[in-house]
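Starting from the known structure of chain A, fit chain B onto it as the hints suggest.
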Amino acid sequence: MIRLDNLTKAFATPAGPVVAADRVSMDVADGEICVLLGPSGCGKTTTLKMINRLIEPTSGKIYIDGKDTDDYDPVELRRTIGYVIQQIGLFPNMTVEQNICVVPKLLGWDHEKAKRRARELLETINLDPALFLARYPKELSGGQQQRVGVARALAADPPVLLMDEPFGAIDPINREVIQDEFLKMHRRLKKTVMFVSHDIDEAVKMADKVAIFRAGKLEQFASPDQILAHPANTFIADFVGSDRTLKRLRLVRVGDALEPRAPTVVASDPLERVRELMHEHGQKIMVVVDALGRPQGYLDRDVVANLSGSAAEHRASLPATVRVEDDLRTAVSRMFMHDVRWMACIDRDGVFTGFVSQRGITRLLGETYRASGGAH
Amino acid sequence: MAVRSVMSGRWRAAIALAVAFFLGVVAQRGGLIDQIGKYRGDIVFLSRQHLELVAISGGLAIVVGVPLGLWLSRSSMRRYAETIMQVLNLGSTIPTLAVLALAMSLLGIGVVPAIFGLWVASLLPIVRNTYAGMLGVPAHYVEAATGMGMRPLQILSGVELPNALYVTFAGIRTALAIFVGTAPLAFLIGGGGLGELIFTGIDLNEPGMMLAGAIPTALLAVLVDFAVGALAYWVVPRGVNPLR
Numbered sequence: 007m008i009r010l011d012n013l014t015k016a017f018a019t020p021a022g023p024v025v026a027a028d029r030v031s032m033d034v035a036d037g038e039i040c041v042l043l044g045p046s047g048c049g050k051t052t053t054l055k056m057i058n059r060l061i062e063p064t065s066g067k068i069y070i071d072g073k074d075t076d077d078y079d080p081v082e083l084r085r086t087i088g089y090v091i092q093q094i095g096l097f098p099n100m101t102v103e104q105n106i107c108v109v110p111k112l113l114g115w116d117h118e119k120a121k122r123r124a125r126e127l128l129e130t131i132n133l134d135p136a137l138f139l140a141r142y143p144k145e146l147s148g149g150q151q152q153r154v155g156v157a158r159a160l161a162a163d164p165p166v167l168l169m170d171e172p173f174g175a176i177d178p179i180n181r182e183v184i185q186d187e188f189l190k191m192h193r194r195l196k197k198t199v200m201f202v203s204h205d206i207d208e209a210v211k212m213a214d215k216v217a218i219f220r221a222g223k224l225e226q227f228a229s230p231d232q233i234l235a236h237p238a239n240t241f242i243a244d245f246v247g248s249d250r251t252l253k254r255l256r257l258v259r260v261g262d263a264l265e266p267r268a269p270t271v272v273a274s275d276p277l278e279r280v281r282e283l284m285h286e287h288g289q290k291i292m293v294v295v296d297a298l299g300r301p302q303g304y305l306d307r308d309v310v311a312n313l314s315g316s317a318a319e320h321r322a323s324l325p326a327t328v329r330v331e332d333d334l335r336t337a338v339s340r341m342f343m344h345d346v347r348w349m350a351c352i353d354r355d356g357v358f359t360g361f362v363s364q365r366g367i368t369r370l371l372g373e374t375y376r377a378s379g380g381a382h
Numbered sequence: 284m285a286v287r288s289v290m291s292g293r294w295r296a297a298i299a300l301a302v303a304f305f306l307g308v309v310a311q312r313g314g315l316i317d318q319i320g321k322y323r324g325d326i327v328f329l330s331r332q333h334l335e336l337v338a339i340s341g342g343l344a345i346v347v348g349v350p351l352g353l354w355l356s357r358s359s360m361r362r363y364a365e366t367i368m369q370v371l372n373l374g375s376t377i378p379t380l381a382v383l384a385l386a387m388s389l390l391g392i393g394v395v396p397a398i399f400g401l402w403v404a405s406l407l408p409i410v411r412n413t414y415a416g417m418l419g420v421p422a423h424y425v426e427a428a429t430g431m432g433m434r435p436l437q438i439l440s441g442v443e444l445p446n447a448l449y450v451t452f453a454g455i456r457t458a459l460a461i462f463v464g465t466a467p468l469a470f471l472i473g474g475g476g477l478g479e480l481i482f483t484g485i486d487l488n489e490p491g492m493m494l495a496g497a498i499p500t501a502l503l504a505v506l507v508d509f510a511v512g513a514l515a516y517w518v519v520p521r522g523v524n525p526l527r
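Protein chains in written order, with the working numbering: chain A, 7 to 382; chain B, 284 to 527.
Bound conformation, chain A alone (with noise of 0.2 Å):
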């Protein structure tokens, strides 16, 4: 865990000393992503930087499980830090196999249990070792160096990682990319990050913690679902955008919006009995599925009402469909480009699992304002 505890940088300029970071204080939990958010300026680097003593703090303690990193010498403590920066900044004179081994050799690993480490790093962020660990950053994509800083930062397996907008010089298509992959890497290790950022999507995506920091104060610490349903004062909400709520939709997964799993029938159903179900379960519309359980299409109670035969004769094809893991963004994106307002969701085998309906959302985003009794 990481403390911050009345954490004050002064910096003495010739017109008077200036406030970088008034009394922050914080508390983020073990395997926590927490991203510092706000405007240039803020004091979001500054308090980055405080944690790795790259900026001695003028007042305040920061504690890293419970020690105060003031009982460490700034050195050795860095070295049980990860460290990554926007620009990167792997070693050009160094091969990515000497660049990832920067830290384990100054902490003494020897040489074939480092190589060992850097292959297996390597392998994390899907680059091949066979072909990468001899090459030079020169020779590597934006991409390619961003994904070798982070497996640098990460040689020696530190708890704490702290990253200074690491994916702002990606192009946005590779920086999604990478911030999957990373989302995905933070899963499995479980580290905890300090993040700084300046784009709050970047933030909703990735933080389980928002720290909003205004002219080096701190103005709001949640969760990114709470920052977006109840910004804390004018300047979050003006920061966060007018669009908060559809930025919400990014935070929840279809599989959170889904009805209760709905009943479904097979092609070789007659519609009396589609109908006999209908009515049992209260339900408009039926999914007609194949032995597997995969969705085949869907049959309307108003469309069917006089008909007879099977439910294969008569059932409409579905428009689209939506996983379980995709976020709500996704979901409300294809129900306006498809113009329906209820679709069936699919796990990662395709099985049918329910459905996700424009009224649901509605009613689970609107949740929250109900709960504080606010209207935002």
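If you are wondering where the hints come from, they were derived from the structure by calculation, not from laboratory data.
Each hint should be verified, as a subset may be incorrect.
[To be verified] If you anchor each label on the Cβ, the simulated ranges turn out as follows:
no., chain 1, residue 1, chain 2, residue 2, range
1, B, ARG527, A, TYR78, 39 to 47 Å
2, B, ARG527, A, ASP186, 34 to 42 Å
3, A, PRO135, B, ARG527, 51 to 59 Å
4, A, PHE17, B, ARG362, 14 to 22 Å
5, B, LEU389, A, TYR78, 51 to 59 Å
6, A, SER46, B, ARG527, 38 to 46 Å
7, A, GLY174, B, LEU514, 38 to 46 Å
8, A, ALA21, B, ARG527, 45 to 53 Å
9, A, SER46, B, ASP508, 43 to 51 Å
10, A, TYR78, B, ASP508, 46 to 54 Å
11, B, ARG527, A, GLY22, 32 to 40 Å
12, B, ARG362, A, ALA21, 15 to 23 Å
13, A, PRO135, B, GLY292, 37 to 45 Å
[Stated by the list, open to error] Derived SDA-like pairs (lysine to any residue); straight-line CA-CA distance at most 20 Å:
no., chain 1, residue 1, chain 2, residue 2
14, A, LYS111, B, SER440
15, A, LYS144, B, VAL395
16, A, LYS144, B, LEU444
17, A, LYS119, A, GLU129
18, A, LYS144, B, PRO435
19, A, LYS144, B, PRO525
20, A, LYS111, B, LEU439
21, A, LYS111, B, LEU315
22, A, LYS144, B, VAL425
23, A, LYS144, B, GLY441
24, A, LYS111, B, PRO435
25, A, LYS144, B, TYR449
26, A, LYS144, B, PRO421
27, A, LYS144, B, TRP517
28, A, LYS144, B, VAL518
[Unchecked claim] Which stretches of chain A does chain B cover? Using the computed rule of at least three CB atoms under 8 Å from a CB of chain B, they are:
no., stretch
29, 74-84
30, 105-112
Beta carbons: idealized from backbone N, C-alpha and C, even for Gly.
Coordinates of chain B only, in the frame set by chain A:
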């Protein structure tokens, strides 16, 4: 385009060869080659002396110049760096002959003032290139290195210096070229070297003797330059070496 430059390169080589051959024929006809041949013993002896001069003063200039450049590039020294380099610049601005004369008036006649004079004249390119190479290392490498827990000396030797090396080597190359080219002047203050043949040849109006000094000097300059170039090629790490 590439084909054309290769062609013109070949043409140039062919023309140079033809000119050299022609000059050779003329020299042979005039008995010049025989004349030069007479000084074979002198050439070998003086070449060695010449190289010793270059090696000693060059070595000293590197041993002093590179650390000085590194020191000036430290953040605490940067505001004095330009001033100090202006002082060193005097060594390059004042004609080498004058420097040698001044050295002689201070240190007397012989090898020592010659070495000192050459050393003064070539310190600046080494210091300046080392300094410029160090300043050229982007600050974020140093930040990343510091953030990873490297100590200042480790950053200097492991990150800054290797990345500055290519530029530093350019300075050393320039300095050594100056050395070989100006070392003949050392003869004038009793420093020996191939200058002995050149200046004596001029004084006695003996072209053979003069050329016996001048041609080896030219060859040495080319050779030393080539050697330093090759050294830079292999010493500068591949990742920061634009030639590899």
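The hints, checked one at a time:
1. B/ARG527 x A/TYR78: 39 to 47 Å: At 41 Å between Cβs, range holds.
2. B/ARG527 x A/ASP186: 34 to 42 Å: Holds: the Cβ-Cβ distance is about 36 Å, inside 34 to 42 Å.
3. A/PRO135 x B/ARG527: 51 to 59 Å: violated (23 Å)
4. A/PHE17 x B/ARG362: 14 to 22 Å: Holds, at about 19 Å.
5. B/LEU389 x A/TYR78: 51 to 59 Å: holds (55 Å)
6. A/SER46 x B/ARG527: 38 to 46 Å: holds (39 Å)
7. A/GLY174 x B/LEU514: 38 to 46 Å: holds (40 Å)
8. A/ALA21 x B/ARG527: 45 to 53 Å: holds (49 Å)
9. A/SER46 x B/ASP508: 43 to 51 Å: Once the Cβ atoms are compared, 49 Å apart, the range 43 to 51 Å for B/ASP508 and A/SER46 holds.
10. A/TYR78 x B/ASP508: 46 to 54 Å: holds (51 Å)
11. B/ARG527 x A/GLY22: 32 to 40 Å: violated (52 Å)
12. B/ARG362 x A/ALA21: 15 to 23 Å: holds (21 Å)
13. A/PRO135 x B/GLY292: 37 to 45 Å: holds (42 Å)
14. A/LYS111 x B/SER440: holds (15 Å)
15. A/LYS144 x B/VAL395: Distance of about 47 Å is beyond 20 Å: violated.
16. A/LYS144 x B/LEU444: The hint holds at about 18 Å.
17. A/LYS119 x A/GLU129: holds (16 Å)
18. A/LYS144 x B/PRO435: violated (25 Å)
19. A/LYS144 x B/PRO525: Satisfied, since the Cα-Cα distance of roughly 10 Å is no more than 20 Å.
20. A/LYS111 x B/LEU439: Given pair A/LYS111, B/LEU439 holds - Cα atoms ~16 Å apart, limit 20 Å.
21. A/LYS111 x B/LEU315: Distance ~64 Å between A/LYS111 and B/LEU315 Cα, so the pair is violated.
22. A/LYS144 x B/VAL425: holds (18 Å)
23. A/LYS144 x B/GLY441: holds (18 Å)
24. A/LYS111 x B/PRO435: holds (16 Å)
25. A/LYS144 x B/TYR449: holds (16 Å)
26. A/LYS144 x B/PRO421: Given that 20 Å is the threshold and the Cα spacing comes to 15 Å, the pair holds.
27. A/LYS144 x B/TRP517: Between A/LYS144 and B/TRP517 the Cα gap is close to 18 Å, so the pair holds against 20 Å.
28. A/LYS144 x B/VAL518: Status holds; Cα separation ~18 Å.
29. 74-84: holds (count 4)
30. 105-112: Answer holds; 3 residues pass the 8 Å Cβ test.
In the structure shown, a violation is registered for the earlier hints numbered 3, 11, 15, 18, 21, in ascending order.
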